[in-house]
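Undergrad: Okay, here's what each chain looks like letter by letter:
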Amino acid sequence: QQPVQSPQAVILREGEDAVINCSSSKALYSVHWYRQKHGEAPVFLMILLKGGEQKGHDKISASFNEKKQQSSLYLTASQLSYSGTYFCGTAPSGGSYIPTFGRGTSLIVHP
Amino acid sequence: EAGVTQSPTHLIKTRGQQVTLRCSPISGHTSVYWYQQALGLGLQFLLWYDEGEERNRGNFPPRFSGRQFPNYSSELNVNALELEDSALYLCASSPGTVLSYNEQFFGPGTRLTVL
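Respectively, the protein sequence lines represent chains B and R. At position 6 of the first sequence the residue is numbered 6 (this note's numbering), and the sequence of numbers has no breaks. At position 60 of the second sequence the residue is numbered 171 (this note's numbering), and the sequence of numbers has no breaks.
Keep in mind the hints are simulated off the structure, nothing from the lab. Misleading hints may appear alongside valid ones.
[Said to hold, decoys possible] Ranges between beta-carbon positions, derived for each pair:
id, chain 1, residue 1, chain 2, residue 2, range
1, B, 57, R, 226, 40 to 46 angstroms
2, R, 191, B, 61, 24 to 30 angstroms
3, B, 11, R, 165, 29 to 35 angstroms
[Unchecked claim] Here are some of the chain R residues that sit facing chain B, going by a computed Cβ distance under 7 angstroms:
id, residue
4, 154
5, 156
6, 167
7, 171
8, 218
[Said to hold, decoys possible] Interface residues of chain B toward chain R, partial, derived using beta-carbon atoms under 8 angstroms:
id, residue
9, 2
10, 59
11, 74
Here a beta-carbon is modelled for each residue, glycine too, at the ideal position from N, C-alpha and C.
The following block holds chain B by itself, in its conformation from the complex (with noise of 0.2 angstroms):
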């Protein structure tokens, strides 16, 4: 089953910061974070494995609340380079792993 991100779409300013939620229905083994820009390959941004784990690279972060089967993806002080669509990939536990992605969340980084 599809995971549900929210907001479909934010417009911010550069330095602005945004937050992306990722939610399943389902019990979660991991969560997987990419970033697409238009016309080019996701990109993949990091997986988080444990519940509570929290990772990050540059200013993008994430956390992964197991028991409440949900993670936030963290931009801080965005950059115009951070604009694309930013999907979230859940795999269940017990299941094949396989990440079931959302539908994903548009950012709009303006100068």
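On the provided structure of chain B, position chain R as indicated by the hints.
TA: Chain R only, in chain B's frame:
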């Protein structure tokens, strides 16, 4: 290091026709995954191949099929094309079989238009 490559980049077909899409994974990667990205629907998982065998398939009809060759490259075949098959088809590869531990590296995709 060369990334995942896909061919062709674009295809235009008519309803009822058949199409074959090709994917070459990153050298050393044994797993290949196929996704359909239709407008507004995100990435829909189609098929997973590893070591030449189909390991899992998504919720798609049997007219979507594929195979993986000994060199780990892969083909996706779609028979009896329908209008709603119009989408970007993405191939991804990963170095291992346990997907949850590995990131996926995506190719540029093949844009299929069915008229």
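Undergrad: List in ascending order the numbers of the hints, as given earlier, that are violated by the structure.
TA: 2, 3, 7, 10, 11
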